[in-house]
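> Now for the letters of each chain:
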Amino acid sequence: MTDATQGGPIRTKGKSILELDTRTKKRNAAEARFKGYGIAAICVSLFFLVSLLVTIVSNGVPAFTQTFVNLSVTLDEAKLDKNGNRNIDEIKKVSTFGYKPLINAALVSATDGIETELTDKDLDKILSASAGAVVRDHVIANPDMIGETVEFRLLTSSRVDGYMKGRVVREDLARDKNLDAAHLDLIDVMAERGAVQRTFNWDFIFGSDASESRPEQAGIGVSMLGSFFMMLVVLALALPIGVAASIYLEEFAPQNRFTDLIEVNISNLAAVPSIVFGILGLAVFIQFAHLPQSAPIVGGLTLTLMTLPTIVISTRASLKAVPPSIRDAALGVGASKMQAVFHHVLPLAMPGILTGTIIGLAQALGETAPLLLIGMVGYIATNYPEGVTSGFLDPNSAMPAQIYEWAKRADPAFYERAWGGIIVLLLFLLTMNLIAIILRRRFERRW
Amino acid sequence: MEDMIQMDRAMSTEQDIKISANGVQVYYGENHAIKDVNVEIQDKMVTAFIGPSGCGKSTFLRCINRMNDTIDICRVEGDIRIDGEDIYDARVDPVQLRAKVGMVFQKPNPFPKSIYDNVAYGPKIHGLARNKAELDEIVEKALRRGAIWDEVKDRLHAPGTGLSGGQQQRLCIARAVATEPEVLLMDEPCSALDPIATAQVEELIDELRQNYSVVIVTHSMQQAARVSQRTAFFHLGNLVEFGDTDKIFTNPEDPRTESYISGRIG
Ligand SMILES: Nc1ncnc2c1ncn2[C@@H]1O[C@H](COP(=O)(O)OP(=O)(O)O)[C@@H](O)[C@H]1O
Ligand SMILES: [Mg+2]
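Sequence order for the protein chains is A and B.
Here the first sequence stands for residues 1 to 447, numbered as in the numbering used here.
Here the second sequence stands for residues 448 to 713, numbered as in the numbering used here.
Just chain A, same shape as in the assembly:
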């Protein structure tokens, strides 16, 4: 039909493949440009990531260290136990205020020989307001030590700590009635002598929040527990409910208007702003069900509502990803629908389900807005919850709420702690993502 088949040796010589035609050149240029865009985009995001990490680390790391003074306090019997009978009830009657003279005396002897214009009474401004309580607690715990001289490791005030960290300079103190430049001269000498040290501060990780005037004492530990108890609630409720709902919708439910409606609504729920879940939690769990305010159980329930759609969507996606031939195979040998799902489909969907669950949990862990509405943001003066029930029912905060609370306060020392809190939170999220990756690797099966 064509010229070629008619037999002649006519073979028109085409263009050489050794030289590029204009179309090819254009296409190559477009490809090169696209690659350039891609690399530029990656560079920009890397830049943001790196600057984010650098900012967080440089601002947050100082929060993990704290300045302490080693002080030998003489536990004067005349002041602490007038009758000398070591009656614990009488010892308890001495308030932290009563310990002030002892600490002042200790400071005077510690600064012995240092030139200073400060009066003896003013010396204790270098200490945290918590110093009296620390000594008092020690005495109440060990009444037999009254009369002895005991070595204490006491927190310095946040200004002194800020000075040691380079946050506070002498000029700042001109308008500051909490501390004078003279105190800093004192600190310089004491630091040289080794009496003032900046060391790692476990209390930041394990301690509780402190009042606004004592940033040096504040820690994230108790709100960490609050977050932990909330995550327990979320895991215990959202995982089984979410997985059961997804399995039913994906594998058993008939395809009709009603299930379509449910499906659309679940996707919509995932996009609902989290603060809406907060107000729902307030209305349902606190005002209607009368659960205690500010309690991790309420926070957990509210976050469960928020996490459910995420888990349902990821579970359904991973169930969908299991090839239908596996279901056919199981049904074909006479497995019931439930056996097919639980013996074959679910194990194959497991990595996806676990990843989705952990991502949902991580989201819940970092959520602040809904907690605002159920009273989990604020100064929580409680210490560690006593036992599991109190963990769920006593007022508590959560890590992101605690960070928000610190960031809100005026003292720059709290600002530093907010950054430190962010590091802790990020470490948790990183760990969770790592677990997700490990689980996915372990459960992944090829076919």
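Keep in mind the hints are simulated off the structure, nothing from the lab.
Values in this document were obtained by computation on a predicted structure and should not be read as measured data.
Some hints here could point you the wrong way.
[Stated by the list, open to error] Computed list of chain A residues with no C-beta within reach of chain B, every gap over 12 Å:
hint, residue
1, 37
2, 212
3, 244
4, 255
5, 325
6, 328
7, 339
[Said to hold, decoys possible] 30 Å max Cα-Cα, derived DSS-like pairs, lysine-lysine:
hint, chain 1, residue 1, chain 2, residue 2
8, B, 579, B, 600
9, A, 337, B, 588
10, B, 571, A, 337
11, A, 337, B, 560
12, B, 482, A, 337
13, B, 571, A, 320
14, B, 560, B, 588
15, A, 320, B, 579
16, A, 337, B, 579
17, B, 547, A, 337
18, B, 600, B, 571
19, A, 15, A, 25
20, A, 320, B, 554
All C-beta atoms in this analysis are idealised placements derived from N, C-alpha and C, irrespective of residue type, glycine included.
Model the placement of chain B with the ligands on the given structure of chain A, informed by the hints.
Frame of chain A, contents of chain B with the ligands only:
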């Protein structure tokens, strides 16, 4: 001697009707996919369903073990009986039926588990084995019937998905026979296989005929001619012609059958 007995039995049961379908209609929503099909499938024989793509072969095959139940929009009417019992009777549990009517699919679909577990799964859920030794025995027997025992006996605990396509399909056949079915349905079991694997599976189908009633859907007329004794030709949802394979291929009655086997429709 044993061959004789088997021959004998094959002869005596030749006229036994295993499956009879009467006035079967299948609808996918509005789509009328199977139109008034009547067919009688005999025991210990291979029956082939042929016909152009989309004519409803798979749909009809899936009616026989009620796999169509899993499709929401699918509606089956009419009457299908196995050994005289209506399989669409309200008292029939499709799960029990599927243990009796095994199925092999177009694409080999072993579970992503070991070869052993693939075969043992059916017997396990149906409680066919009382202990590990019995289960081992069942697995070995099934793998022998699937003509794959010699190839896998040293790696029973290797994943079934690691086998070649032809081996996977024979594994699936072994898995289907492990539950001691009476009927084996095969939906284009060789369409994903190369010619050598196809030949092996065809040989296997011929052997399976001794124990089961085999129904095979195929798009290959040569295959139908090679393995089946009876052939049904479907066209646009109708059963056009049904009879002895030899007759269908040499002397078809219906002009549509004739044009299909001579390659004019398809
Ligand atoms: N799951 C399904 N849902 C809707 N329609 C289907 C489904 N399966 C098959 N059909 C329709 O039924 C008809 C017959 O299909 P099928 O039985 O698969 O044909 P064959 O196996 O002969 O190629 C086709 O028109 C097809 O579109
Ligand atoms: Mg088909």
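> Run every hint past the structure and note whether it holds.
Comparing the hints with the structure gives:
no. : hint          : result
1   : 37            : holds (40 Å)
2   : 212           : holds (59 Å)
3   : 244           : holds (20 Å)
4   : 255           : violated (5 Å)
5   : 325           : violated (4 Å)
6   : 328           : violated (6 Å)
7   : 339           : violated (6 Å)
8   : B:579 - B:600 : holds (17 Å)
9   : A:337 - B:588 : holds (27 Å)
10  : B:571 - A:337 : holds (16 Å)
11  : A:337 - B:560 : holds (19 Å)
12  : B:482 - A:337 : holds (29 Å)
13  : B:571 - A:320 : holds (27 Å)
14  : B:560 - B:588 : holds (19 Å)
15  : A:320 - B:579 : violated (34 Å)
16  : A:337 - B:579 : holds (26 Å)
17  : B:547 - A:337 : holds (17 Å)
18  : B:600 - B:571 : holds (20 Å)
19  : A:15 - A:25   : holds (15 Å)
20  : A:320 - B:554 : holds (19 Å)
This entry does not satisfy hints 4, 5, 6, 7, 15, going by the numbered hints stated previously.
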